[in-house]
Every structure is written in structure tokens, then in C-alpha cells.
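Undergrad: In case you want the letters, here they are:
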Amino acid sequence: MITTADIYPVLPELFLAVAAMALLMYGVFRGDKSTGSCSWLAVLALIVTGVIMSLLPENAESAFRGQFVVDQFARFMKWLVLLGSALAVVMSMNYNAREQIERFEFPVLILFASLGMLLMVSANDLISLYVGLELQSLALYVIAAFRRDSTKSSEAGLKYFVLGALSSGMLLYGASMIYGFAGTTRFDALAALFTGPSADPGVGVVVGLVFLLAGLAFKVSAVPFHMWTPDVYEGAPTPVTAFFAVAPKIAAIALLVRTMVGPFGELFAQWQQIIVFISIASMLLGALAAIWQTNIKRLLAYSSIGHIGYALVGLAAGSEEGIRGIGVYMAIYLAMNVGTFCCVLSMRRQGVLAEGIDDLAGLARNHPMMAAAMAIFMFSMAGIPPLAGFFGKLYVFMAAVNEGLYVLAIIGVLTSVIGAFYYLRIVKIMYFDEPADAFDRTAGREIGAIMAVAGMFTLLFFVFPSPIVEGAGQAAAVLFASG
Amino acid sequence: MILQAISFYAFAAVTVAAAVMVISARNPVHSVLFLILAFFNAAGLFVLMGAEFIAMILVIVYVGAVAVLFLFVVMMLDINFVELRQGFLQYLPIGALVGLVLLAELVLILGSWAIAPDTASRAAAPTPAITETTNTHAIGQVLYTDYIYLFQAAGLILLIAMIGAIVLTLRSREGVKRQRISDQVGRTREESVEVRHVEPGSGV
Amino acid sequence: MYALAIFLPLVGAILAGFGGRALGDRGAQIVTSGCMLISAVLGCIILAEVGLGGNPQTVELFSWINSGAFEVNWTLRFDTLTAVMVFVVTVVSSMVHVYSIGYMSHDPHIPRFMSYLSFFTFFMLMLVTADNLLQMFFGWEGVGLCSYLLIGFWYEKPEANAAAIKAFVVNRVGDFGFALGIMGVFLMFNSISFETIFAAAPGKADATIQFLGFEAHALTTLCILLFIGAMGKSAQLGLHTWLPDAMEGPTPVSALIHAATMVTAGVFMVARLSPLFEYAPDALTLVTIVGATTCLFAATVALTQTDIKRVIAYSTCSQLGYMFFACGVSAYSAGIFHLTTHAFFKALLFLGAGSVIHAMSSEQDMRRMGGIWKMIPVTYTLMWIGSLALAGIPFFAGFYSKDLIIEAAFGANTSVGMYAFWMGIIAAILTAFYSWRLIIMTFHGESRADEKTLAHVHESPKVMLIPLLVLAVGAIFSGFVGYAYFAGDNMNAFWGDSIFVLPGTDPIAAAKQVPAWVITLPIVVAVVGIGAAYYAYMAKPDLPGLLAERFQGTYKFLLNKWYFDELYDFLFVRPAHRLGRNLWKDGDGAVIDGLGPDGVASAARYLAQKVASMQSGYVYHYAFAMLIGVAGIVTWYLVVGSGG
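Residue numbers (this note's numbering), protein chains in the order written: chain A, 1 to 483; chain B, 1001 to 1204; chain C, 2001 to 2644.
Hints in this document: simulated from the structure, not taken from any laboratory. The beta-carbon is built from N, C-alpha and C at its ideal position, and this holds for glycine as well. Incorrect hints may have been included.
Claimed, not checked - Stretch-level coverage of chain C by chain A, calculated; a stretch enters the list once three of its residues show a Cβ under 8 Å from a Cβ in chain A:
| no. | region |
| --- | --- |
| 1 | 2052 to 2064 |
| 2 | 2453 to 2462 |
| 3 | 2617 to 2625 |
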């Protein structure tokens, strides 16, 4: 039965769903002319969702027979997701208009994708996990192929769809095995089942967990389930890539954390090995494969694989400190990536979007502010103190060291040194190479503003990190309070 | 009981065999037909478990709609499937190896299949005895109450699928003739018929 | 209001620094000077409220770092000590800002200069308002950075660059001590907030630290480390070599940074940390000895220098020595008193020297000056006021503060106190002597400048003279007015809890009970010094040359500043170069590069190529990779075991 107690926790999601459908109707009746207003309305809807979320009481609540849960962790991650989505919508407007793919479905699909992410973050049951994931993924498949007249974009969408379906299959297979061996899909029931001295999860549950993990690892693009990432990043329209790089990653990693720490917290010894493995593999691949890239979007794809590897270090630690590190890392990751993609979106020459790294040559002379912003993001991604990226890494590595995972931390530091090579190469190209032609100054004020804000955040994070660190700390605490 | 066991193995064996044929048949039309066969047998397995509602849904939706749609698509598109399958043999050995390893492992796990004795009691919505109610009724009872959240979310997924299909395929072409019913109905005699007096012997 | 006083200079710096092109030269000057002047007014109000009203404040801004027990907040702490410093910094800085409008009017980089000045002021204010050691360190490093930027402001001049680097590197030595001190404090007290450590200090009075098998008195060790930081910043003996070279920067910079504010940060730090130092008597002894020695040493060197700014720079060094030994004998309030009066008269002297240099077409060598006092009478008068204050002639500012320090040293009644007392007396003679040497060589006698320069000598514009007048008022009256509060009857009410002296001792009271000869001696020696200078440079101008020839060894020794630079060059700089070269060529180039970066880089490139080539673009390759991944992990579990 539905009661008001069920409705309150899902109020933000409910609003977002209704707003998305209303916006869909508005768009259908007004046609593609309305894309601009649709986009702004979508941003408004995301903001209102956030406002509703902040107005609701702050304690942990579950609804719909425990299928849905809201707690500090969910709120923290939802904030990041909503922020990422809203920024992605703003960043897309100018681009879509210029590329003549301005269609009102775009903001609507982003809204639905964000809705899916919110459901993922709040999932407290294997079924709601899957449903949220599919809601998000399906919308993402479509917007990856949004520029349907470009073969690259269609190819990106199709590849993402096929591989995504495969990963969903694995995830479902794993979920059904867990259900078969445990007899329940609810997270709290699963957690209860594995606690206690006589609890024996059995090899079946563990293998199910492996499949489940494989499905989730695909969504965060961790090695070896990452292969789609570079192709999709390169093929998809740039604002879509920016969106992919940020919001879905945050939602998926939140889901991964909740699934691992919540129901399977007692199986830590089992899944820790997998996480350590995919974390190391992701860090290595992210650092190595990016070196030879010539396309900036592809490079950023590998960079995001590497970043996910670093974030997973926090999960591998499995401690409250580690989860806090992930929260901090993802917040910083959001700022750095949004800023970087704003720069990429500004790379337009004679009306054509430039994507080569060489196109950045001599940027410092033609566009000093943009070059400075880009340099900040690159230094930050390389983890050079005192920029934000350094602190993100610091928190997860510290957690790993405190849990005795020295090898993991050392590999992390080594790979970030290798990774620094290609980030700094971009800086070198911008500042020391012979300038190419100047870019058009058509990116729009919104892009410039986002770039500036993200740059300031990255630069000044160390001055007052406490809101984010404390927010992440509370988020992490709630996951460990019950278990 | 014996009858049930025999039916189970028959259905299961045919399902697996049909599935193998789906991927190995040379003619894509045959593949789709084997797929339909696999669906039917899967439906049979569901019936054996007492899940007649799902069995019927499988037949109606998958066989009746999905597979037939496949068939249309396969027949309408001119795709050289032989060419697509060229890589198949090249990767067969390693593919088979991975497949076999995975299969062996799964068999090993299923060999240790042990449902905890109280698993059934943990189920969120225990299946009522078939004598009490039909499972259509039972599903209906929980689907819109306990699982309303998942149901609605699934509805949204379908909505997105629809939007996606439209976004990726609908094109507004110039010069397409459309029926405009209101215009048709609103036509008057004066606009459509003109009476002319024609001189006999001369053309119009 | 409190936060506003601190952040207005930052606002000015940001506006002038980033908007310099939009604002133009004039705009940048107005914005920065305007912000500074408002800030100075606020600084006066703060002094009135906090110091005179006895109303300490803390302003919480936001929390900064929060990691385990290590908690740091951005907090502005306003007690009397801070209020005095805020007052001095904002007033002197605003005067220097205004002065710079005139002095730098021909420079092509005005917005940059004004922005740096304001930025420096912001960091200085952060330093003095710090509520914990880390925030203080933030300000500390910030002023160091600004000092570097401003010394090297004329970056086309190689000497300026070299001086900037020297200042930075020498300060690094001190900062290393400071940083170690902070870590040590955290180790001992588990906190770096002043409030907490001051409260806990008495309990740790007997604690010891183990280091490499040595057992040392903990607070003494910490205080010495922190004092090393102060020595670097305040140019005390050993780490003083950067200060004279820093005179390569524009003169307003010398007045603001290298006379009135930054170099006094060390004294401020010792006074601020008085609750720690009080429990470390050995550290205080060291402070006294270093301060007294510097006091004499710098005064002797100042006798022989011919560059007008360098004379004043060594004089600053010497006066800082006074302040330190005042702190060393626990007379912190006397030290801070001298810091305040010194800020006024030394800024006055520097800016006056700047005015002279301005008049003499950028000539700084006193041997090519002379006989110009009639041409620039206002500057001449102001230099007299500054020198009278510096020499400690009665009723000028320096008289009150310097004599108080000398008396406190005597009143301490310890052997180091006596040492400091005699050093202070000798330095006082020398101070008077070199001050009048400077005045006479610059303004009197036959002019030694060339025709062209002489024809060009002119009084400075009003925008430069008005700040000088304001500072002159300070140089005359600040001692007389401040005495009652800093050391007189209202002393206890004024300082409140901001300075801590061990209960039962009162160095200021002791200073007031010294015999009469101790009180009169400094005045007498000052007059003797002036007379000697008059005799040597005015009445018998060839005497100094004769003396120099007669005592050539001593003269050379002093002229070369006791050979400190040569000693450091021999001991540290050249061996460091040699070591660096060897490490670079053999160690780094051959061994580390070969195995490390170059080797790793080539391996990384090779691997990167392999990895990139795996990305074939075929969907079934990708799907296959995923399947292999899953199969691999499952196999891992079944073969190796599930770990748990």
C-alpha cells in the first residue's frame, strides 16, 4: 500500500518525473523552436528537485517496503548528480544550436537520465537497482546517438547500447544468482543474512556478486569493462560526452559503493580483491593508454578511466575514511571535468569544432584566460598540490594506507606520475608551441562562466575544503552506522 | 512426477538445442524460427513451474510480437549475414575456451546448489498455493501495491524507449502528403465543384 | 569591520592586479590607496576599541583543514598585540601607498607595483591576526613571496633578481625552522591553535623530547626552532645577509617591508608566543644574545657603508636587535613599543632617503652627494626628525622606547642582561654617529655630485611629502603618547592577556627602578655620538680617511660586513654548486635518468602503444574483453579461494 510516508522520501524524484513529462508535452506542442526554453526549464526543474530535496528532513528514511532509501549518502551523491546534469544542459545549448541538432528531446532525455541516476543512488533492492540503472542507461544510449546524421555518433550510440545490454545481462544474471542462493533481493535482508557467526555466503552468492560487479564496473567504465568508453566519448556530441563523464559516473560509483558496503559489507574480504584488481588495472590503463592519444575527447576518456581507478582505491580500503575519500574525489572530479569540457566546447575554429590536442597549440597567446583555466584543470587532474585534484587523491590514498594497502597506494602514486605526463603535455602544447589560428569566440557566456567557477573551485579548494569534506564524511558515516 | 521430470528435460533440451541453432544457422530466417521454438519451450518450462501467466505472456509478447517483428526486419533488410560471420571461426578457439571455462565453473557452482531451508520464508511476497488463487491474480495483487514503485519506474523506461525511437528515426520530410481530416470535412461544395457550361462540340 | 580592515587590501590588490589594464595607472593607484586608507582608518578604530577599550575580539571566518586531530580554522584574532600591529601596518602601508604614487610615477608597471604592495599588506595583516600557527605561517610565507616579488620588481636589473633570490633562499632557512617548530608544537600539544597551546603550555614546562637518542627540553627546542624562523624574517645575525641586498627594490618597498612591517614579524612572533617562550628560559637567553650581538654588529657595519639605503638597512637590522633582546629579557611590551615607534621613524628615514634619491636623479651613493640641504629643505628637516628619533634624543619617539629597552636589560639583573645592556649602549653611540654621518655626508659640505645632477635637484612633489609629514608626526609624538599605554600606568589594562610574563616578575617595573646613571647614559652617549660625527665629518673632514688608513684591517672588516657573505659563499654556496653539478651530471643524468624517468618513460611509451592498439573499435572485441574479464575473476575465486 502506498502511504504518505512512502511519498515524502521520493518527492524530489516524483517532481522530476512529472516535470520531465510536462516538459516533453510542452516540447511536443511547441516543436523544436522551444529547445532554448525547454533547456532552461530543465535546468530549473533540476534546481527545484534539489531544493525539494534540501527541504525534506535530513534523517535516513526508506520507502516502498525498503526498495528506496534516502540518507545522507544518497543526498550528497544526488547533489553532485543534479549539479552535473544541470551543468551539462547549460553546456549543451550553444553547441546544439550551432551543430543544428537543437531538439527539445535533449533536455528531456537528460532529465530522465538524471531521474534514473537518482533512483540508482537511492536503490535499496536489487530490482530497484536494475530499474534505476536501465532508466538511466536507456536515456544515455539515445543521447549518445543524438547527432543521428553523423556515423560516429550513431556508431557510438550503437556500441554503447550493445555493450550496455551485455553488461545489463551480466548484472541480471548475477542478481538472479544472488536471489537464488539467498532468497531475497532486499539489501537490508541480504545484509542481515551475511552477518552473524554462522553465516556462510556460499560460493554461489560470491559468483553472483562477481557478475553483479561486472555489470556495475561497466557503468563506471573500470578496466576490463571500459572498452566502450573511448569510442563513445569520441563519437558522442561533446556536451553529451561532458555529461557522460560526470553525472552517470557519480551515480554509478554511488550505486557501486552502496551495493558493496551495504548488503555485501560482510563479504568485504571477497569483493575487496576484485576492487583492488580493477582499481589497479584502471589506474594503469588510464595512465598508459592516454599517452598516444591525439583526440582530446579520447584522452579525457582514458583520463576518466584512470580517475575511476583512483576513486575505487577508496572503496578497496573499505573503511569509512575511504568512502569519504570517494565522495570528495567525485566532487572534485565533477568540477575538473566540467571545466575541462567547457574548454573543449570552446575549441571551435571557423565554425567547426576542433578536437585534436594539436589544435590547442599556442592557446596561451590567443586565449590567455582559457589557457590558464585549462592549465589549472590539467595540473589538478595530474594531482599537483595545492590544486583540488591533489586533495582528492590524498584522501583516497590516505585511506588505503591506513588500511594497510600499501601496494595499492604505491601503484596509485606511480600511475599518477605517468598520468602527469600527458596532462602536462597539454600544458606544454598550450604554452610553448607555435600558435595555431585563434578559436572563434562563440562559445557563449554560460560556458565561460562555468569554466571560471570550476577553475576557481579547483584552484581554491584547499582554502575551504570543509563543506565538501564534511559532507562526504557524513555521507560515509551513514553507510557504516547501520552495518 | 515422472511425467513432470520427463517434460522438464524435454523442454530444457529443446530450448538449449534451439538456442545453439539460433547462433549457428546459416539462414537468418531459420535463426528467427529457432528463436521462436526456444521461446515456446521456455514457456513450457514456466508452465511446469506453475507460472502459467508468465508462460502466456512469453508466448504472446515474445513469440507473437517480438519474434515476428524480427522476422520482418530480417526479411526486409538486405544484409549479408555470411560476411558478418567471417570473424566467427577466427575467434572460435579462444571463444570456445572462455565459454567452456565459464560453463564448467557454473556447473561446479550449481553442483553445490543448496537453497537454505528458510529461503522461501524470506521471499518478499511468497507465492500463494495454486489451489487458492491463480497467479495472474496473485501478481495483480502485489504489482500495483507493493511494487508500485518498480512498476512506475518500468513505465518510465518504456516511455524513454519510445522517445528514443522517435528521436533517432522520425524525420520531418518536405512534400509528404498527409491526410488532414478537418480540412476534408470543412470543404464546401463551392470550393470543390465548379459548374461550367460547356458548348457542345468544344472541349473544356 | 574587523574582517573588512583585513580584506580591503586584498580587494585592492585583486582589482589592481587583474583589472590593471582596465583601470589604468591612475585607477590602480586610486583603488589600492583608497582601500588602504579606509583600512588604515579602520585600523585606528580597531586599536581604539581593542587596545584602549580593552575589548579583544575573534572573528571566525570558516573552517579550513580538518583531518583527524589536526583542526585548523580561519579565524581572525584581535587582541591588543594584534591591534597594535594592525594599526602600524595599515597606517605605514597607506602612507607608503600614497608616497608611491609620486615616487613610482615614471615607472611603466604601476598597477603591478600597487597590486603587489596591497597584496603584501594583506598577507602581513593575515600574519598578525592569525589565530593559529598555520594561519600565521600562511601570512609568513605570503609576505615572503611578496617581498621576493617586490625586491625583484625591476626584473631587468640582474642585481635585483639576485637580491630577490637571496632574500627568498635565506628566508627559506628560517622558514624551515619555523615549519619544524609548528610540527613540533602539534606533536606536543596536539593542536596548533594559540588558545589551546597557551593554555597547555604551563603543564608542559618540564616535558622533554626524544630525538635521535638525545633528550632535550621540549619547549626550549620548540622555541629555538620557532626563533630560527623569526631570525630569518627579522634579519638577525647569521640570517641577516639578505636585508642589505634587498635594498635593490624600489625605496617605498624598503620602507614598508624592510623597515616597518615584514622584518618586525619575527619580533611580533616572539611576543605572540610569549606564553611558550616564558617557559623556555634557555631559549630566551639565546634570543637576548642573538639580539644584542646583532644590535652591535649591524651598527658597526653601518659606520662604513656609503650607499644611503644600505646604511639605513643596517640601522634597521641593529634596531631589530634591540627589539629582540627586549623580548629576551621578557620586556615584550618594550619590544613592541620600540617596534611601533621604529616603524614610524624608520619608514620616515627610508622615504626621506627616497626623496633624496628622487632629487638626486637616482643617485644612492653618499660620496656623490653633499651640500644640498638648502635645495630640499623639507626633506632635510624630516631627515633630521627621523635621525633624532633614531638616536634617542629626548622627547622624540625613539627616546622613550629605546631607553626603556636598555633600562629593562639592565633591570633584568642577569649576566646576559648586562651583556645586552652594554651592547645596547655601544650601539647607541654608533647609531648616533652613523645617523649624523649620513646627514652630514648627504646634505652638508661641498657638493660632490656632477653639474647635471645638481642642476636638477628639486624638492619632491606634495604627494610624496605629505606621507612624510604624517610619519614625522608619528616619529615625534608616538613615543610620548604611547608611553603611558605601552609601558606606563595604563600598561596592564592596555595589554590585557595578549602578552604573558611569568607571574612574579615584572621587567618593566624593574626597568623603572634602575639607577640614575643608567637612565642618563644613553642620552649622553647619543650626544657624544652626534658630536663625534660632527667633528669627524664637518670640522675635520679628512679624519675618517686617516682613520680608515690607520686601522685598515678593521675598516676592511667592517666595510665587508664582517665577511659574512664571503663566508657563506665559501661554506654553502660553492659546495652546494659543486654538489649540485656532480649530482646533476653523474647522479641524475647517468643513474637516475637512465633507470628512472627516461627508462620508465620509454617503457611507458611502449606499453601505451600496446594498450592503445587493443582498442580496435570492434564491438565483439570489446564484448569479448568483458567476458574474459568476468571469466578470469570467477576462475580466480574458484582456484585461489574466496579469501574469507
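Undergrad: Does each hint fit the structure? Answer for all of them.
TA: Right, here's what the structure says about each hint:
Counting residues of the region 2052 to 2064 of chain C whose CB falls under 8 Å from any CB of chain A gives 3; the rule of at least 3 is met. Here's how the region 2453 to 2462 of chain C fares: 0 of its residues keep a CB closer than 8 Å to some CB of chain A, so the rule of at least three is not met and the hint is violated. Restraint check on the region 2617 to 2625 of chain C versus chain A: 6 residues with Cβ-Cβ distances below 8 Å, three needed, restraint holds.
The structure fails to meet hint 2 from the earlier list, while all remaining hints are met.
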